[in-house]
Amino acid sequence: MAETITIEVARYRPEQEGEPTLQSYEVPFNKDWVVLDALNYIKDHVDGSLSFRWSCRMGVCGSCGMTVDGEPKLTCATFLSHYHPGPIRVEPLRNFPVVRDLVIEMTDFMEKLQSVKPWIVREDDPAPAEGEFLQTPEQLDQYKQFSMCINCMICYAACPVYGLDPQFVGPAAIALAQRYNLDSRDQGEQERMDVLSQHEGIWGCTFVGECTEVCPKNVDPAGAIQQYKLAATQDWFKSFLMPWSKR
Amino acid sequence: MANRSNEPLLWALFSGGGVAAAFLIPVLLFLYGLAFPLGWLQPPDYERTLGLVQHPLTRLVLFMLCFLSLFHWAHRFRFTLYDGLQIKHLNPVINLFCYGGAVTGTVAAAYLLWTLP
Numbered sequence: 236m237a238e239t240i241t242i243e244v245a246r247y248r249p250e251q252e253g254e255p256t257l258q259s260y261e262v263p264f265n266k267d268w269v270v271l272d273a274l275n276y277i278k279d280h281v282d283g284s285l286s287f288r289w290s291c292r293m294g295v296c297g298s299c300g301m302t303v304d305g306e307p308k309l310t311c312a313t314f315l316s317h318y319h320p321g322p323i324r325v326e327p328l329r330n331f332p333v334v335r336d337l338v339i340e341m342t343d344f345m346e347k348l349q350s351v352k353p354w355i356v357r358e359d360d361p362a363p364a365e366g367e368f369l370q371t372p373e374q375l376d377q378y379k380q381f382s383m384c385i386n387c388m389i390c391y392a393a394c395p396v397y398g399l400d401p402q403f404v405g406p407a408a409i410a411l412a413q414r415y416n417l418d419s420r421d422q423g424e425q426e427r428m429d430v431l432s433q434h435e436g437i438w439g440c441t442f443v444g445e446c447t448e449v450c451p452k453n454v455d456p457a458g459a460i461q462q463y464k465l466a467a468t469q470d471w472f473k474s475f476l477m478p479w480s481k482r
Numbered sequence: 041m042a043n044r045s046n047e048p049l050l051w052a053l054f055s056g057g058g059v060a061a062a063f064l065i066p067v068l069l070f071l072y073g074l075a076f077p078l079g080w081l082q083p084p085d086y087e088r089t090l091g092l093v094q095h096p097l098t099r100l101v102l103f104m105l106c107f108l109s110l111f112h113w114a115h116r117f118r119f120t121l122y123d124g125l126q127i128k129h130l131n132p133v134i135n136l137f138c139y140g141g142a143v144t145g146t147v148a149a150a151y152l153l154w155t156l157p
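The listed protein sequences correspond, in order, to chains Z and R. The first sequence begins at 236 in this note's numbering and counts up one residue at a time. The second sequence begins at 41 in this note's numbering and counts up one residue at a time.
Next comes chain Z alone, as it looks inside the complex (with noise of 0.2 Å):
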């Protein structure tokens, strides 16, 4: 018989039962196949009733974060045979309320995410018929490395500031705001300043650092707050120093 690899599954149906628990499967041992191979493997042909997120299995939806063995991580880039022979354990991501299984809630998420706008902003916002804005390739290096976050949340999950003060912003939120603020295109810096030089926005950050160590996308959402601790501050002596001065 083939070998195979134990997952211990947290589960959790609110209709039948007040607290997780843990339940034990059986799945083929294939050192070709990630976490997310072994759910979809239960789903099919073990517990169709185990409930999770995924989508597009290659890292860019930002849709299966999970916690395993104690670690966030995107399940679709997380292989079995690292953690051979097993078992594997795999939770919710913590930090969050859980709905059902494998199953966050991420409506706080959506809302922070919301609160520092991660669009263009301008102050013209002129019609797409008087032509494009131009950017050149150094301009785009600025910002290109926080664009590549895909809201997967495993920083929320790995962040202990966001785990003990559930109102602070979070990582990728703020890292988002920065991938707008060096946009050359972009005008919209000192609305997001108003809401992350908040004592929950940035300041909450204690530069823990962990964000950055388990983002899958190589974003460094650290980097990101200290960036605009700074700003804020120049900011803050700004206009201290020179009231009468627009900010």
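Source of the hints: derived by calculation from the structure; they are not laboratory data. Hints are not guaranteed to be accurate.
Said to hold, decoys possible - No more than 25 Å apart at the CA atoms, straight line, and that leaves these computed lysine to any residue pairs for SDA-like: (1) Z:Lys473 with R:Met104; (2) Z:Lys473 with R:Gly56; (3) Z:Lys473 with R:Lys128; (4) R:Lys128 with Z:Gln461; (5) R:Lys128 with Z:Phe344; (6) Z:Lys473 with R:Leu49; (7) R:Lys128 with Z:Lys352; (8) R:Lys128 with Z:Glu435; (9) Z:Lys473 with R:Trp51; (10) Z:Lys352 with Z:Lys379.
The hints should help you fit chain R onto chain Z, whose structure is shown.
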């Protein structure tokens, strides 16, 4: 803007203190804590050291080093207590202890450097 936080000032002192401490304290500790007492390097005599410390520029540098390092400590320790021990409800006491401690230390440093013979 309403509800403007004073965090930028505290963070500026924190980051300034981090830079100053990282650049100056290791070399001072190495010289005065290890190299001179253990005889690895010939220490300057008392008169020369006193002369160096009496120079207004040296006093200013030492004052800034004490002032910034203490505020660096205060900020770091505040968040250590705040998040590490999860005693956020004691925030006013923590702030008073940390920043009050830094102010007290800064005043003491200023007094000592000012009253140097």
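Right, here's what the structure says about each hint:
Annotation: proposed proximity of Lys473 of chain Z to Met104 of chain R holds, straight-line Cα distance about 22 Å (limit 25 Å). Proposed proximity of Lys473 of chain Z and Gly56 of chain R is supported: the alpha carbons are some 17 Å apart, at most 25 Å. Distance hint between Lys473 of chain Z and Lys128 of chain R is unfulfilled; the C-alpha atoms sit about 31 Å from each other, more than 25 Å. The hinted pair formed by Lys128 of chain R and Gln461 of chain Z meets the criterion: a straight-line CA distance of about 23 Å does not exceed 25 Å.
With a CA separation close to 23 Å, the supplied pair Lys128 of chain R and Phe344 of chain Z stays within the 25 Å bound. With a C-alpha separation of about 12 Å, the suggested pair Lys473 of chain Z and Leu49 of chain R falls inside the 25 Å cut-off, and the hint holds. Using a Cα cut-off of 25 Å, the hinted pair Lys128 of chain R and Lys352 of chain Z is violated, with the two alpha carbons roughly 30 Å apart. Among the hinted pairs, Lys128 of chain R with Glu435 of chain Z is consistent with the structure: their alpha-carbon atoms are about 14 Å apart, no more than 25 Å.
This hinted pair checks out: Lys473 of chain Z and Trp51 of chain R have alpha carbons roughly 15 Å apart, not beyond 25 Å. Simply put, Lys352 of chain Z and Lys379 of chain Z have alpha-carbon atoms about 17 Å apart, close enough for the 25 Å limit, and the pair holds.
In terms of the numbered hints stated before, the structure departs from hints 3, 7, listed from lowest to highest.
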